[in-house]
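Chemist: Listed below, chain by chain, are the residues.
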Amino acid sequence: MPHLHADDVHKWYGETETGYHALRGVSFELEKGEFAALRGPSGCGKSTLLHIAGAMDRSTSGKVTLGGVHLEGLSSRRLAETRRRSIGFVFQQFNLLPTLTAIENVALPLLLDGIPSSRANRKADAALDEVGLASKRQSFPSQLSGGEMQRVAIARAVAIEPELLIADEPTGSLDSENGRRVLELLSRLNRDRNLTILMATHSADAAGYAQSVRHLRDGVLVDGEHTASAAAVGPSETDPSHAAAPAV
Amino acid sequence: MRWIRTLRLSLKSLLLHPMRSGLTVLGILIGVASVIWLLAIGEGISRASQNQIANLGAKNIIIRTIKPTGDDFDGSGYGLTRADYQLLQETIPTVEVTLPIREVEREFRFGARRIEGRLVGVTPDYTEVLNLKLDRGRFINPADMEAERNVCVLAWETSERLFPQGESVGESVMVDDEFYTVIGVAEPKAATAGVGGSLAAEDFSSDIYIPIQTFWRRLGDMMVTTKPGQYQRDLVEVSQISLRVRERDDVLPTADLVRETIDRNHLMDDYAITVPLELLIQARTTQLMFIVFLGLIAAISLVVGGIGIMNIMLATVTERTQEIGIRRALGAKRKDIVGQFLTESVVLSVVGGALGIVAGLFCPLFSRFARDGLAQLFPRQFATLPDLIRELEPVLVMWSIPLAFVIAAGVGVLFGVYPATRAAALDPIVALRRN
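These protein sequence lines map, in sequence, to chains A and B.
Take the first sequence: its position 109, counting from 1, is numbered 109 in the numbering used here, and each next residue is one higher.
Take the second sequence: its position 18, counting from 1, is numbered 18 in the numbering used here, and each next residue is one higher.
Rather than coming from a laboratory, the hints here were simulated on the basis of the structure.
Treat the numbers as computed from the prediction; the structure is a model and nothing was measured.
Every residue gets a Cβ at the ideal spot worked out from N, C-alpha and C, and that includes glycine.
Some hints could be false.
[As the list claims (entries may be wrong)] Derived DEER-like restraints, expressed as beta-carbon distance ranges: (1) B:VAL304 with A:LYS63: 47 to 57 Å; (2) A:SER75 with B:VAL304: 36 to 46 Å; (3) B:LEU23 with A:GLU161: 39 to 49 Å; (4) A:THR18 with B:VAL430: 13 to 23 Å; (5) A:SER117 with B:ARG284: 47 to 57 Å; (6) A:SER75 with B:TYR418: 38 to 48 Å; (7) A:HIS70 with B:TYR418: 31 to 41 Å; (8) A:SER117 with B:ARG390: 57 to 67 Å; (9) A:THR18 with B:VAL304: 43 to 53 Å; (10) A:LYS63 with B:ILE300: 53 to 63 Å.
[Unchecked claim] Which bits of chain B does chain A cover? Going by a derived footprint, with three or more residues having C-beta under 8 Å, they are: (11) 10-20; (12) 331-345; (13) 423-433.
Chain A on its own, in the form it takes in the complex:
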């Protein structure tokens, strides 16, 4: 049974039939521990699909199942709970809260879930350690570089031990070096934690880190081909300092 399953998903903005048809019957499956990339030009519906798969939005019709749970059937409250407990988000613009330190940002979803501060902080510490930013735990976002901010955002996403990590253009605001480090980090987390990742990207290089790539055009998946696994690239994961951009 697939871990994430989208079946004939449609999304209309505005009135159905007369509004904007952003997704036009998208179907795909993601296995547990799969790292999938979603490629396509701007406005093709990548973000919309990520929002629906990430329980942030609802489809107009069709079914999305995460870990056997139909997301359409959930109340707003349960959707929020699903986001809190099962889904980690990584955004292009990092979306860290500027008033909170790195560790406070990472601990935020845990605290929102009612986990006691001490436990939340322990988990946040471990997550920061995992992304190599233990020394920056008390830094505010304004004191971090773009790459560091995105790594904090990744730490925040994985601190809750999610079933699915959604990354929307995670390297879109980073230079190539920092982008490479972020992608390597995602690959490592995918491998070490058997974490399912769905990543939207423009970049063919970035998509090369994924085990599979889906192409979306005008709200339709144009193919479902599985590319060569980024794991095959070898050095990029075992030794990030010698990483080379893998071919798509």
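Since the structure of chain A is provided, determine the placement of chain B on it from the hints.
Modeler: What follows is chain B alone, placed relative to chain A:
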């Protein structure tokens, strides 16, 4: 503890904009302080006027002669009579003491020293009914009355002015062509303010008291006043009759009975009855209206402060749309967002409320400071202000403090709910996209 975390977060957010938060707090501070101040000033004015009335004696009924005006006054005798006094004394059982008073302006002389003052014919009950205390010597006694003796008791200031160098008791004061032996000196007595339309302000400082029997015998009822360009004849037997009722509960029925009794013998409007208890009840009603009125003003200022909070919180929600979007994307419930923004508005209002209470507590001190300052800076103008204002002592109304605090917190909740629910209603995707 979840709420401590929310509180800490709220403080952190508010401190990000200290000027903005400070001005919002100031709005509430002024609102709360004005609740406390206005109630304290209202209470001060009310107590002062009630004290003035209470000084007249809550168990007393005061009937005063007034000069009639109009066509039916033929210029002959008017006012209260000895017969009225006898009638009241003998027919109303609830009255404990009946005190007749006859007074007239006269010149008092001792040697070469002359002063103008008020010669007051009284009975021994005067001290008790008007709460006059003796400094030395004795007051008029029944024997003085019986024998119609030429004895007198001086008011404190009269004694000081006529006998600045030495002891007045034992000396003789000359009034018209009669000598009166000083038998006592009263303690200073504060003047009373005029009450209603029936009782004029009364100054006791230049009084000389003599037995009323002596007054009637020596001075008679006809008083002729001659001043340049003025000649006035007044035929009056009694200037005032003060009654003291035994029980407070009987005061109002007794006052009705007194009105009926006196009215029967008077065809003209030549007397006025003042019942301090009635005035006291009236004053309390007025006080209630006063409190409502001042409360309304304070409430308006609090509403203005509340609108300030709402305004700031709405601006904050707009400004922090991204933050709301991030929190919602991370799984925050609507309740969490409402709680966070509501906590911020309540923190603003509670801090403003607490500071407002502190400012409110300084009201009496500030009032004294302002009064002294005005008296020194503008002495002439200050002197023309009414006594009630010049001598105003605000009295803190203790219940106004918790009330003000509860209102402040309520304002925070009331005016914070809308921005908070608006924040919570934001769609996470829309909120994230807006940035």
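Chemist: Look at each hint and say if it fits the structure.
Modeler: Taking the hints in turn, this is what the structure says about them:
At about 54 Å, the CB distance of B:VAL304 to A:LYS63 agrees with the hint of 47 to 57 Å. Remark: the range hint 36 to 46 Å for A:SER75 to B:VAL304 is upheld by a beta-carbon distance near 40 Å. At roughly 45 Å, the beta-carbon separation of B:LEU23 and A:GLU161 lies within the given 39 to 49 Å, and the hint holds. Distance hint check for A:THR18 and B:VAL430: the Cβ-Cβ separation is about 20 Å, which falls inside the suggested range of 13 to 23 Å.
Look at A:SER117 against B:ARG284: about 56 Å separates their beta carbons, and that is inside 47 to 57 Å. A hinted range of 38 to 48 Å is violated for the C-beta pair A:SER75 and B:TYR418, which are about 24 Å apart. Roughly 35 Å separates the CB atoms of A:HIS70 and B:TYR418, a value that falls within the hinted 31 to 41 Å. Under the hint 57 to 67 Å, the C-beta atoms of A:SER117 and B:ARG390, about 60 Å apart, fit the expected range.
Separation of A:THR18 from B:VAL304 is about 47 Å and conforms to the stated range, judged on CB atoms against 43 to 53 Å. At roughly 57 Å, the beta-carbon separation of A:LYS63 and B:ILE300 lies within the given 53 to 63 Å, and the hint holds. Residue count for the segment 10-20 of chain B with a Cβ under 8 Å from a Cβ of chain A: 3. That meets the three needed, and the coverage hint holds. For the segment 331-345 of chain B, the assignment as covered by chain A holds, since 5 residues bring a beta-carbon within under 8 Å of that chain's beta-carbons and 3 suffice.
Requiring three or more residues with a Cβ within less than 8 Å of a Cβ of chain A, the coverage given for the segment 423-433 of chain B holds, as 3 such residues are present.
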